[in-house]
Amino acid sequence: MNTALWFLLTRSLRGRLVQRLRRLRQPKYLLGAAVGSFWILFWVARPLMRGNVHFGGADFFQVDAPMLAAAQLGMSVAIAAVLTIWWLVPFGRPALQFSETELHMLLPAPVSRRSIVQYGVLRSQPGVLIGTSIMTFFWARGGPLQVVATAVSLWMAFSTWELHSTARSLWLARQRELPRADAWRRRLVLAGLLTLFWLLAGVVLATLASGLLAALPDGMTSFDTTTAALRAGNVAERVAGLAADARSGVLGWALTPLLILTGPLFVAPEAGPMAAAVAMFAAFLLLAAHNEWVVRSRARFEEAALDRAKRENRSAQLAARFWRRSRRGRERVPFPLAATGAPEIAILWKNLALTRRFDWRLQLAFAALAGITLVAVSNAPGMPEWIGGLMGGAGLATLVFPTLTAGRAQRNDLRCDLLKVELLRPWPVVGWRLFAAEVGAPVASAMLNSSLGVAILLAWSLATDLGFAGAAGPRQAAAEVLAIAPALLVPVGIIALLPPLAAVALLSSCLENLQALVLPSWTALGLAKKSAAANFGQHILTFFMHSLAMLAGLAPAVLLVGSILAVQVLFWQLPLIAWELPVLGFLGAASILAVCAALIRAGGRLWNRLDPSEELLSGRSV
Amino acid sequence: MSLQSGETQRPSATIEYPREAVIHIEGLTKSYDGKLAVNQLSLDLASGDILGLVGPNGAGKTTTLRCIAGIIPPTSGSVRICGHDINEAPVEARRHLAFVADEPHLFEYLTVWDHLMLFGRIYGVSDVRERAEELLLINDLQERRTAFPGELSRGMKQKLVIACALLHSPKVLILDEPLTGLDPGAMRRMKRTVVRTAAAGAAIIVSSHMLHLVEEICGRIFIIQNGRLALEGTLDEIRAAVPELGGDAGLEEIFLRATGQDDDGDA
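Line by line, the protein sequences give chains A and U.
Plus 200 on top of the position in the first sequence (first one is 1) and you've got the numbering used here.
Plus 1102 on top of the position in the second sequence (first one is 1) and you've got the numbering used here.
Treat the hints with care, as some may be off.
A few chain A residues that don't get close to chain U, going by computed Cβ distances all over 12 angstroms [what the hints assert, rightly or not]:
1. Ala351
2. Arg525
3. Ala565
4. Phe743
Pairs of lysine-lysine, DSBU-like flavour, derived with a Cα cap of 30 angstroms [unchecked claim]:
5. A:Lys620 - U:Lys1293
6. U:Lys1137 - A:Lys620
7. U:Lys1259 - A:Lys620
8. U:Lys1273 - U:Lys1293
Because the hints were derived from the structure by calculation, they are not lab data.
Glycine residues also receive a C-beta, built at the ideal position from the N, C-alpha and C atoms.
Modelling step: build the complete structure from the supplied sequences, incorporating the hints.
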């Protein structure tokens, strides 16, 4: 490859690395990186070093050579099937990856075409290397040398696969350039060859399948009896024998490239280092051949690559997901917005439009329909009775979970709007009212999601009344304890739960938005989410902070309700009845709302005093 | 220029206007990490005035405009919009204000029409639909009302931002590089819009590197460098301030001389 391109490639990688390392000078990133690294070390590296992790490694591959050969044959046939579809169906564009800048810079430069293509091939290597690292973790077995050998084998397999994909897409591009008759002739030849291959392979595989069926013993009625029967009948040995026969014939010959590709990954430990070296060398030759195939391609990739770079640039913008909306979808709004009135409603309307443009009434109707359908299906004739009974628990979880995670799961609030500070700041809205409007959207979204839980619970209760849901027993018991008619238990419980759950969602949202104002650099702002180690560490830390703050915010409500119950049950020795649950729920909600009010005031003051950094004003996430 | 009662009249750089000042800036200073971005700027602007704010890159133009719009708080000094201090009574001040940033920031998930409806509600524009239709027509956006900002060219985004800004007929309009990304036709329409808006009674501050635009539409020119006022006045007045350039010197020559970028001597 041209030395200038090599320089560009290595410098780009180095620059990216240096940029990441430089960020660590800032304490916020350093701390985040330290926590992220510690987390990875604790959960991944430590068990690995202690030898506790052998997902697909030693335990799985403690099989003899004939079984390994059979597994390799199976994998090769599977890859052949995928490749057949790939080559027969003419979809996709040239796979050479370039950025728009690279194309604008490299294409007019006095650099050979071979060098540019080689550069494009090498550019995909970071992705290949990441894939190799992950797979090595799951696949590696034995000592350090064997781990390295596995990593190299996987890298060669992935690189060859990547090159093959590129070669195929360039072949398709070339097809488009050729006269129609020539292109069709080439396509027919390819289809003929593949048909011939699968005819031959089909005969062999059919023989193999009938042999396998004949080898299966009787008495395979359950998992235990199946395992015992397979062991007693020496099925593994017979399967390996059949596979060896298939491999030594025409199928093995036809699958030679794929057997070479997968060879290094299936070398039996007893075959020795020489066998492993030979397999790796053969795989390397296959990789080199693929590389030559790609760099020698005569297909015109430039225009398609430029088109691809532009498309990727556009789709990389998360906003692209909005562009797919139909004209009707674009005209839909969360609710009709009157021209005049409180401006906070407009902010809520805007933030809801980010995540949902359906009318809220329509959403409630959908939730009701979905809940009834779920309960009906789970109680359909033939379904196990426990599934119907389980729906009560599922409904409760669906009701509660969205509110607990409202702030973490939804981001249609200040976290998106802080990057638009230049747009929002001149609005004539008082700080605390703007903050209150901003925190409202995640709560509204969470409560709309929870409505599915309400629908499931009500449908489940009704199904139980009608004798379908099979949970009459537990509900009856709970109703007796709380002194209420069983049919009313669920509706009263929902009425009691909804206010505190809405308050919890508001608390969660307030905390997340306060974090965005206090620690904008620790918050993922805008639509994008960041995935670097430092951001990962920051995410863990902020998660713990959020959890602690939630506990602190809920403490007054828990204390209040707990005290009332303690006085009632322990001192006055009065039983808890269902009808006081809504009152307790309301009191709990009021306590949480008092905390939220204080947080909203604090958020408003912070917004008023906010001096947006240059990073915020330039619209970049910090 | 008439200043509000009780205000101290600045000596030489002030120009007497018969009308009341709707923008009153006094001693505006903004520093970042001890570095002065804007240093003791003062100016008054009456309704109907168009002020051209010019200066080299990094002179502090955008920071000045952001302080006036209340986006960033000044380190010291005060900004009053229609008599309301932008930091003490921000809501009252902002009701009369519109700010158009140099980069057209829009909400990616709202359509063109949604933006106008949102701004209408925020500013309480009762006839928002009629105003929106009118502004879409003026800005050639009526065919793109269901488009998202990501689907618009930079120029169209700029037009949408300006339409949102004009929706509530502000008394103070602040435009930071308003012509960037506009085609020649749109530029002409934009210039007309600015002049008409001023004629309707708005005070306008336009920051631009397009000196011909400033020369053409701005009654007053404010040249800043390193955050300080270098020259201020009508074109004739600032021309008179640099007599060595002659009586027919254009704004470009005056600007280069005032900011020390005049390299004629080196040629």
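A quick look at each hint next to the structure:
1. Every Cβ of chain U is farther than 12 angstroms from the Cβ of A:Ala351; the closest lies at roughly 41 angstroms, confirming the non-interface assignment.
2. Its closest Cβ contact with chain U, about 8 angstroms, brings A:Arg525 to no more than 12 angstroms, contrary to its assignment away from the interface.
3. The beta carbon of A:Ala565 is kept farther than 12 angstroms from every beta carbon of chain U, the shortest such distance being approximately 24 angstroms.
4. Every CB of chain U is more than 12 angstroms from the CB of A:Phe743 (nearest about 26 angstroms), matching its label as outside the interface.
5. Restraint check for A:Lys620 and U:Lys1293: satisfied, since their Cα atoms lie roughly 26 angstroms apart, inside the 30 angstroms limit.
6. Between U:Lys1137 and A:Lys620, the direct Cα distance comes to roughly 25 angstroms. Compliance with the 30 angstroms bound is thereby established for this hinted pair.
7. For the proposed pair U:Lys1259 and A:Lys620, the alpha carbon gap of about 14 angstroms is at most 30 angstroms, so the pair holds.
8. For the given pair, U:Lys1273 sits about 17 angstroms from U:Lys1293 by alpha-carbon distance, which is consistent with the 30 angstroms threshold.
Violated hint: 2 only; the structure is consistent with all others.
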